[in-house]
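Peer 1: If you read the sequences in order, they're chains E and A.
So in our numbering, spot 190 of the first sequence is number 190, and the numbers just go up one at a time.
So in our numbering, spot 82 of the second sequence is number 82, and the numbers just go up one at a time.
Any given hint could turn out to be false.
To be verified - Reference listing, derived: stretches of chain A covered by chain E, where coverage requires no fewer than 3 residues with Cβ under 8 Å from a Cβ of chain E: (1) 48–62; (2) 94–106; (3) 126–135; (4) 142–151; (5) 169–182; (6) 214–225.
As the list claims (entries may be wrong) - Here are a few chain A residues that sit away from chain E, every Cβ distance over 10 Å (derived from the structure): (7) Ala31; (8) Leu38; (9) Leu40.
It should be emphasised that the hints constitute simulated quantities derived from the structure, not laboratory data.
Every value quoted in this text rests on a predicted model; they were computed, and no experiment measured them.
Every residue, glycine too, gets a C-beta built ideally from N, C-alpha and C.
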Amino acid sequence: MLHRMNAWTKMALLGIVVVFVIVLMDLYLIALLFAATVAFYSLGRLPLRLLVGWYSMPVLFVVTISILFMFTEPGEELASIELLGRRVAVTDNGVLLLVKLLLRALAVVTFSLAVFMTTKYSHIAQIASRTLPQSLANVFLLSYRFTFETTDEMSDVIDAIHARNGNLVRGASRQTKLFAGIFALAFVHAFERAERIAKAMEARGFNGTFPMAEKLPRPGVGGYAVVSLTALALAAVTYSRYVEDLFGWW
Amino acid sequence: MRGLRRRAQMAHIHLEDGAFTIFWVAVWTLAAMALLALPLLKLGGKNIPTRKLAIASMCVAVGFAIFQVEIPVFGGIHINLTPFIGILVGPSLGSLTVLVINVFSAAVGHGGWGMIGANTIVNLVEVFLGYYIYRAMRTRVKTGRFTAGFGAAFFALAVSAFIVVGIVTASEIQDSTQTRDETFRNMLILAAANLVAAVMEGVVTGYIVSYIGKVRPDLLDDVEGRGKDETTLRAEEGTPHV
């Protein structure tokens with residue numbers, strides 16, 4: 001179902017989810033939003049194990065930013081330890097802050113991955129070329145074609161190194177040199193590939209815009225309805241936060 | 001994508017969605033747009049030469065791939081190489097490159113969609129400082145490539161770590177009841193930890209620049225102040241499309 005959903009509808013919903021996580025303040029509503037994004041992801045029959053793997057990055061970033069707030073946020077102490085003669089305590093508000101930030105970040109990541117894993121390249125290309133400035137859209141479209149290929153190439157080189165006992169290389173300096181060599185080679189290859197691509201593009205009469213082979217249709221009535229309803233919900237939450245509390249009963 | 005592992009240390013932090021209020025998200029987005037306008041104009045606006053377009057695109061692909069790799073030293077380091085991208089492609093093309101890397105990264109949760117502005121400002125500082133410090137060290141101080149690469153990456157990342165402190169302190173974390181002073185103190189500890197990672201990325205950058213200097217020294221011609229003859233320049237620029 002998600003695979004057949006119009007790309008404009010999915011992108012509009014992604015934008016709404018991003019604003020939702022910024023505007024929502026209530027923990028239960030944020031948790032509900034997160035659950036909704038996981039349900040959306042599942043609707044596309046996408047692998048949940050892969051999703052958990054992708055969570056490692058946002059979790060690390062959120063924890064790094066908010067870990068100190070867990071100890072310094074005013075609130076009721078949940079646990080404490082003596083560290084270098086000083087008492088360090090985790091507070092309830094500190095934990096709450098971390099949980100909220102985590103749920104917000106993960107809600108967006110889940111939705112974003114669902115959108116990009118179920119949308120065809122040609123549709124993303126159409127949206128990028130219509131919404132971004134031309135030069136930016138060109139870089140985006142050209143790099144999008146090669147991103148996965150380059151990532152796989154780099155993984156292959158690392159796998160090849162491991163297959164040849166490269167993981168037995170010991171010492172920070174040698175390991176760092178080894179990986180620096182891989183990265184440097186990747187950039188050298190990137191330049192060589194760029195030169196070939198540029199020549200090929202010019203030979204084919206590239207005039208500053210990439211031709212679009214497939215047209216992206218407008219959203220259907222259902223798509224407009226879904227986007228309108230979620231936008232309405234967003235408007236209510238925003239009004240409730242900035243003008244008058246509509247969810248006081250919660 | 002294979003090769004994805006748990007990260008232990010990062011040379012800089014990417015901010016995730018939901019950390020700032022809508023006001024600050026708008027402020028940093030507008031600031032990033034203003035900062036990006038200059039390099040975009042310098043590159044020729046809509047008429048970026050095909051070769052530069054291709055180089056920026058391929059650097060985005062490699063930069064994004066490197067984001068996914070962890071170097072297995074000191075428990076694992078995750079690097080961004082943004083100062084190196086600045087050294088390699090220059091500040092204008094580098095700015096465009098890091099912006100698109102941030103867009104891709106947002107798609108996989110490596111920084112938020114709403115935070116593309118704030119994250120791009122941090123990266124722009126790294127690209128600009130990486131390029132100009134390396135150039136100054138090579139052309140004026142006349143240091144070796146490793147030293148120049150290390151110095152450029154370390155100082156660029158050190159400054160960017162404090163830019164992150166500034167951005168988070170000014171914006172304040174949503175839901176936190178702490179004052180700006182308290183937030184600043186918390187973030188300073190984070191910046192100190194980032195400095196350690198900056199040293200490591202500096203070493204990696206030093207090695208990469210030395211390697212490229214051996215196999216393709218021509219790629220460093222611009223940043224090392226070696227002039228190019230007119231024929232080479234014309235061939236590199238390609239035909240600007242109309």
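Peer 1: Decide, hint by hint, whether the structure agrees.
Peer 2: Tested hints:
1. Here's how the region 48–62 of chain A fares: 13 of its residues keep a CB closer than 8 Å to some CB of chain E, so the rule of at least three is met and the hint holds.
2. Interface restraint, the region 94–106 of chain A with chain E: holds (7 residues with C-beta to C-beta distance below 8 Å; minimum three).
3. Counting residues of the region 126–135 of chain A whose beta carbon lies closer than 8 Å to any beta carbon of chain E gives 0, which falls below the threshold of three, so the coverage claim is violated.
4. Using a Cβ-Cβ cut-off of 8 Å, 0 residues of the region 142–151 of chain A lie near chain E, which falls short of the minimum of three, so the contact claim is violated.
5. Only when three residues or more bring their CB closer than 8 Å to a CB of chain E does the claim for the region 169–182 of chain A stand; here the count is 7, and the claim holds.
6. Proximity of the region 214–225 of chain A to chain E, defined as three or more residues with a beta carbon under 8 Å from a beta carbon of that chain, is established by the 3 residues found.
7. Under the 10 Å C-beta cut-off, the non-interface status given to Ala31 of chain A relative to chain E holds; the minimum distance is some 17 Å.
8. Look at Leu38 of chain A: its CB is around 13 Å from the nearest CB on chain E, clear of 10 Å, so calling it non-interface holds up.
9. Listed as a non-interface residue, Leu40 of chain A fails to keep its Cβ farther than 10 Å from every Cβ of chain E; the least gap is roughly 6 Å.
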